[in-house]
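Enquirer: If you want the building blocks of each chain, they are given just below.
Number of protein chains: 2
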Amino acid sequence: MSLPEWLNGDDKDGDVPFSAAEILERCDILATHSSRVGAIERSYLTAEHARTNWTVGEWMAQAGLEPWQDAAGNQRGTLAGPRDDSPVLLLGSHLDTVPGAGRYDGILGTLMAIAVVGRLEAKGVRLPFGIEVLGFADEEGTRFGRTLLGSCAVAGAWQDSWWELRDAQGISLRTAFEAFGLDPARIEEAALPRERVLGYLEAHIEQGPLLEDADRALGVVTGIMGARRFDLTMVGEAGHAGGMPYGRRRDALLGASEVVTVIETLARDHGAIGTVGRMQAYPGAANVIPGRAEFSLDLRAETDELRDRVWDLIQEQAAKVAAARNLDFQAVERHDAEATVVGERLAEAIRAGIAATGDTAPLELLSKAGHDAMAIASLTDYAMLFIRCGGGISHHKDESVIEADVALALDAFEAAVLDLARTF
Amino acid sequence: MSLPEWLNGDDKDGDVPFSAAEILERCDILATHSSRVGAIERSYLTAEHARTNWTVGEWMAQAGLEPWQDAAGNQRGTLAGPRDDSPVLLLGSHLDTVPGAGRYDGILGTLMAIAVVGRLEAKGVRLPFGIEVLGFADEEGTRFGRTLLGSCAVAGAWQDSWWELRDAQGISLRTAFEAFGLDPARIEEAALPRERVLGYLEAHIEQGPLLEDADRALGVVTGIMGARRFDLTMVGEAGHAGGMPYGRRRDALLGASEVVTVIETLARDHGAIGTVGRMQAYPGAANVIPGRAEFSLDLRAETDELRDRVWDLIQEQAAKVAAARNLDFQAVERHDAEATVVGERLAEAIRAGIAATGDTAPLELLSKAGHDAMAIASLTDYAMLFIRCGGGISHHKDESVIEADVALALDAFEAAVLDLARTF
Chain W
1 MSLPEWLNGD
11 DKDGDVPFSA
21 AEILERCDIL
31 ATHSSRVGAI
41 ERSYLTAEHA
51 RTNWTVGEWM
61 AQAGLEPWQD
71 AAGNQRGTLA
81 GPRDDSPVLL
91 LGSHLDTVPG
101 AGRYDGILGT
111 LMAIAVVGRL
121 EAKGVRLPFG
131 IEVLGFADEE
141 GTRFGRTLLG
151 SCAVAGAWQD
161 SWWELRDAQG
171 ISLRTAFEAF
181 GLDPARIEEA
191 ALPRERVLGY
201 LEAHIEQGPL
211 LEDADRALGV
221 VTGIMGARRF
231 DLTMVGEAGH
241 AGGMPYGRRR
251 DALLGASEVV
261 TVIETLARDH
271 GAIGTVGRMQ
281 AYPGAANVIP
291 GRAEFSLDLR
301 AETDELRDRV
311 WDLIQEQAAK
321 VAAARNLDFQ
331 AVERHDAEAT
341 VVGERLAEAI
351 RAGIAATGDT
361 APLELLSKAG
371 HDAMAIASLT
381 DYAMLFIRCG
391 GGISHHKDES
401 VIEADVALAL
411 DAFEAAVLDL
421 ARTF
Chain A
425 MSLPEWLNGD
435 DKDGDVPFSA
445 AEILERCDIL
455 ATHSSRVGAI
465 ERSYLTAEHA
475 RTNWTVGEWM
485 AQAGLEPWQD
495 AAGNQRGTLA
505 GPRDDSPVLL
515 LGSHLDTVPG
525 AGRYDGILGT
535 LMAIAVVGRL
545 EAKGVRLPFG
555 IEVLGFADEE
565 GTRFGRTLLG
575 SCAVAGAWQD
585 SWWELRDAQG
595 ISLRTAFEAF
605 GLDPARIEEA
615 ALPRERVLGY
625 LEAHIEQGPL
635 LEDADRALGV
645 VTGIMGARRF
655 DLTMVGEAGH
665 AGGMPYGRRR
675 DALLGASEVV
685 TVIETLARDH
695 GAIGTVGRMQ
705 AYPGAANVIP
715 GRAEFSLDLR
725 AETDELRDRV
735 WDLIQEQAAK
745 VAAARNLDFQ
755 AVERHDAEAT
765 VVGERLAEAI
775 RAGIAATGDT
785 APLELLSKAG
795 HDAMAIASLT
805 DYAMLFIRCG
815 GGISHHKDES
825 VIEADVALAL
835 DAFEAAVLDL
845 ARTF
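Chains as they are written, first to last, in my numbering: chain W, 1 to 424; chain A, 425 to 848.
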């Protein structure tokens, strides 16, 4: 089928197919697939998700991949190997976003994976394995509060309890699946058979400032921090903002506010990272003492042990804050991802790829951000290539990359695939 | 017209017309006029507001008042005086609620005013002045963030700038007026001519614990604390909850949380009352550092001078918190009500009324809560009767009163009106 002009790499701007310039142009195009005007938000099983899959599927086809949408809504593209039972190398990242997102987190890695296949196909390279490009449908967990849904489906790690997860409108994941045209009963068809998979490579912006600080374009990931996420609640009692004396108040927001600062202090003191991203006071009127405050905690550390120790300390302190103010403190765990380390052979291929671009001793980085690779780690080995981003800014509209860095990253990612092919 | 059975005071429960029992039953009925199931929320210019006006209008008619809805949506009832130009005594309170409200705040005072007229009419008392009962349509400011809209219209203090106030859905006050069937161009018709008004008496639950602590049913108000309300904002920068190191974060929620505790400390230290009732972090995802936090401040004190001094200190401290975290702190004033004192002759009538129930030295109370009387104070003198409420709880579903207290309050309120009549 012929592509519309704006979707075609060989467009009026004269971008070279599968080039960094083309990829950045496509990041701009996907940025328009948003539920909001003037901001990027693309969450799981929405109209924007469907539109994105369609667009990315066209680009996959253009690169020589057979595009298809799997039973979890992931957009996938298959390049057959030399034999029907050839092992498959997985390349990819995610296509969903946080609210108010930038245009490169996840998207850049997915489009790079497609471009690398396009470049190899254009050169007539015959690989000894098949390739599957994965555009994961839900890494951020924006809609249902549970991250990595797309990659968990591919890893065969889907859990039945997730069907009853609900979004902010009260729509269950099951209902959203059906409304999107997916059959929950077929979710297992998204899973890859372990024995056919060679490994997983993912390119991603760093989402931190270390590459920029070190004046490097690319880095090799050594592992991914484990993260736990909690829904926290302080329960007090609503009351009149004027009439109720301080001594009798049970102000839930005051307790929650103290816990927010306690989290920062404990996490910093112990070298962990704690973030409260959500906070809302109820009933939420200017003249009513909050009877309830709901907030989130995202907690990460280099080791799961450290992270869990800090969580224990946070709970202890929060309980003290609550007791002092006659409040109830409640915590419900929403997400728990173990720390993972990369597969050595795959990381070696990433290093070889970066070396091919001239940096023979690339910066080694522990990812503090979570990635689909964490979920895929339960299926197969993984490795990751990090790309410098401006000011370390991510999960923000000002996310940025340099075209020259993306060009280097494309060369390195292609060289990494070829390095694996050479020793296969 | 004949009333439906459930609206009729002479109902199957055998309540005496204009009795405390009937009033409490009517508070229960109005509690069902809510936009929420299982909670009371009745805000300005909604279907619930219209339904409440209709119901209360029926009760007004039953008490001998001529019911009408004014140009601001207030439900009013007129009892003519002996002459066409007789001065008018105003009695009333408000019919709207906060979100998750109790059933007595405002409602009880409005229904008591109606019942007092009903009792005087039933006894054939000929007053030397007319009476107007006012059921104010918006005291709480729940929908448009600006309190006392109903009573400001009656006081002739409506401001043109309010037409562009917007609710959470972005609907302007002007549009809401029109949708409710009101004509914004006629707002001035709600105002009372100053020269015809004798004064304003309001009965209200205390919304604090002082009467209960003193084992008194009723109290006389000496004045109402001035209140100022602000929309506060901390602006930082959103970022990835994992990738962005602490040293580079500009976490708006951390700044806002510190300010919440600063407000409590400064207000308590200086004997003022500061309440943060609203708080929300944006973009509001568990894995995104908040780039913006929006919260409210309601600040009250015995004198306007003290209140303003505490606000200066809060601003100073908040600016320091913001500077230390590289955030911007912004404050927009939404509401400013001056402290007011009661009219001595009217307060004397309230004291005489309470004395008639047996308490000859009633507790004198400064109201920390705002009331319609604050707005009416710009039109005429006012006085208030406070009624004990359970545990000082208000703005909460557990708001409660004792029937015996309401019976005493009815006697006192009626006696206060008669005291004014005697010396007219």
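Please note that the accuracy of each hint is not assured.
What the hints assert, rightly or not - Taking beta-carbon pairs under 8 Å as the criterion, some of the chain W residues facing chain A (in silico):
{"hint": "1", "residue": "Thr261"}
{"hint": "2", "residue": "Gly291"}
{"hint": "3", "residue": "Leu366"}
{"hint": "4", "residue": "Gly370"}
Calculated from the structure, these hints are not laboratory results. Fair warning: this is a prediction, and the values are worked out from it, not measured in the lab. Where a beta carbon is used, it is the ideal one built from N, C-alpha and C, also for glycine.
Enquirer: If you take the shortest Cβ to Cβ gap from W/Gly370 to chain A, is it below 8 Å?
Expert: 7 Å, holds
Enquirer: Is the interface hint for W/Leu366 satisfied, with its Cβ closer than 8 Å to some Cβ of chain A?
Expert: With Cβ-Cβ at 10 Å, over 8 Å, it is violated.
Enquirer: Min Cβ distance, W/Gly291 to chain A: is it shorter than 8 Å?
Expert: At about 7 Å, which falls below the 8 Å cut-off, the nearest Cβ of chain A leaves the hint on W/Gly291 intact, so it holds.
Enquirer: Regarding the hint that W/Thr261 lies at the interface with chain A, is the smallest CB-CB distance below 8 Å?
Expert: 6 Å, holds
The structure fails to meet hint 3 from the earlier list, while all remaining hints are met.
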